[in-house]
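The sequence shown begins at 1 in this note's numbering and counts up one residue at a time.
Don't take each hint at face value.
Unchecked claim - Under the rule of at most 20 Å between Cα atoms (straight-line distance), these lysine-lysine pairs were calculated in the PhoX-like manner:
| id | residue 1 | residue 2 |
| --- | --- | --- |
| 1 | K334 | K360 |
| 2 | K349 | K98 |
| 3 | K360 | K131 |
| 4 | K95 | K273 |
| 5 | K349 | K95 |
| 6 | K360 | K97 |
| 7 | K351 | K97 |
| 8 | K360 | K98 |
| 9 | K97 | K273 |
| 10 | K360 | K273 |
| 11 | K360 | K417 |
| 12 | K184 | K161 |
I should point out that these hints are in silico values taken from the structure, not numbers from a laboratory.
Note that the coordinates shown come from a computational prediction; the quantities given were computed from them, not determined experimentally.
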Amino acid sequence: MRKKQMLALFMSLSLLAQGMLFSGCGQKSIGEEPAQTRTETEGAQSMETSDSNKQDQTSETDENNQTAADKTPDQDVARDEENGFALRFTEALLKQKKEGENLIASPYSAWLPLAALVNGCSGATQEQLLKVIGEAGIDAETLNQMVKAVNAGLSQEERRKSFEEYGETFESPLKIANALFVQKDAVVNQTFAQLFSDNYDGKLFSVDFSDPSAANAINSWASEKTDGKITEIVDSFDADTVAAIANALYFSDSWSNQFLEENTTEGTFHGAKQDEDAEFMNQKLSDGIYYEDETMQAVVLWTTSGGQMVLCLPKDGYSAEEALQSLTTEKLQKISGADYRCVQLSLPKFKLESNVFSIKEALEAMGIPLMQATDAALTEVLDNEALYISSALQSAMVEVDENGLTAAAVTVMGLEKMALMPETDPIELTFDSPFAFVLTGNGEDAGDQILFTGVVNHL
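Construct all of the structure, not just a fragment, from the sequences and the given hints.
In structure tokens form, the structure reads like this:
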């Protein structure tokens, strides 16, 4: 029986591409403009701090033959926790969307910038951020190593290297890109820049957020990294923006078992609001992975790279949203590991494209720190600046046809300086008339116990 892995990618892209469960829409939000670092030339040139031919790869030996000590960092644990974030993120978005609307989003595209920003804060804020993104109990260094290993695995770096040894080329179906756009007169913290480059393959760009060209620079970057699938993510930036961290995901792969075009038939899709004409792809899966419980039926489609799309059809009396909300990492593992059955599958061809929508409210609802000016704890991204996440935008798309699937997402988080309290004239306070006082002592069990009180009417 072939190995059934739930890749983190397919919590962020494949799972989110499910036609019956995920769909996408949202309102367009005002974005922010890109920038490059001060050590770069202006005009959004790529600046690569020393990088990562040092890709730490975890062993591809079957995990059942590995001891716990052999798995450092543990990719499977990392995926489990990222999937936990993905489900919580999706639930937060489901609570915001209107009934009957589609949803298409990428939790992994939102997760990666937050993981990178763990390196930009410290202390209690860092611990809280690690907890909310599903990585409680580890430190930033361990997180960085896990991200590097997981992304290398998802991008099939070992396979690419093997091809190169024989003088051949291999193009991964998944492309992951991270970038930090910085106000041209700002100075990036070099420790953060190095960690971002080494572990996230992050590129730095210097732009002028006060100029409309900054938004164009980020949009051009997004278009390039998604093969033209997402061409606009921001309109403009708030005047106080000093940085923007961005992620782009692009996945395109064919089905391991192709749908034949001659088997595609016309039919009706009974949508939440109305019936629609649709083209249904038909295929008999002699050894399909099939799962069923009281709420849904599910089938797994494999891609040639080993990825999988989990398709869930709610039973009568249950909505697609309820089916999606019932998913847990454990249930996904059950679906992926379900029995092989003969399945006559009929799946509509579909294409979902979201408008640019804000994910800031969803992140706030999840408890992500750094989302308010009063939480300006990102002190290690730019030198001598305390920043917070002022905006968080995402756009995503997925297209499914007989040949395979293509999915893309871009996330941009704007960073602004902490709002400073306005200076005021000092309050003059002179005790030159009768006054009162209270004297407390600090006891281990008594707290601030009042010991003396008094009134001074004369000296």
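Structure-based check of each hint:
1. K334 <-> K360: violated (32 Å)
2. K349 <-> K98: Status violated; Cα separation ~24 Å.
3. K360 <-> K131: holds (18 Å)
4. K95 <-> K273: holds (19 Å)
5. K349 <-> K95: violated (27 Å)
6. K360 <-> K97: holds (14 Å)
7. K351 <-> K97: Cα-Cα ~19 Å, so holds.
8. K360 <-> K98: Holds. K360 to K98 sits at ~17 Å (cutoff 20 Å).
9. K97 <-> K273: Holds, at roughly 15 Å.
10. K360 <-> K273: violated (28 Å)
11. K360 <-> K417: Status holds; Cα separation ~17 Å.
12. K184 <-> K161: It is violated: about 37 Å lies between the C-alpha atoms, which goes past 20 Å.
Figure legend: structure checked against the earlier numbered hints; hints not met, in rising order: 1, 2, 5, 10, 12.
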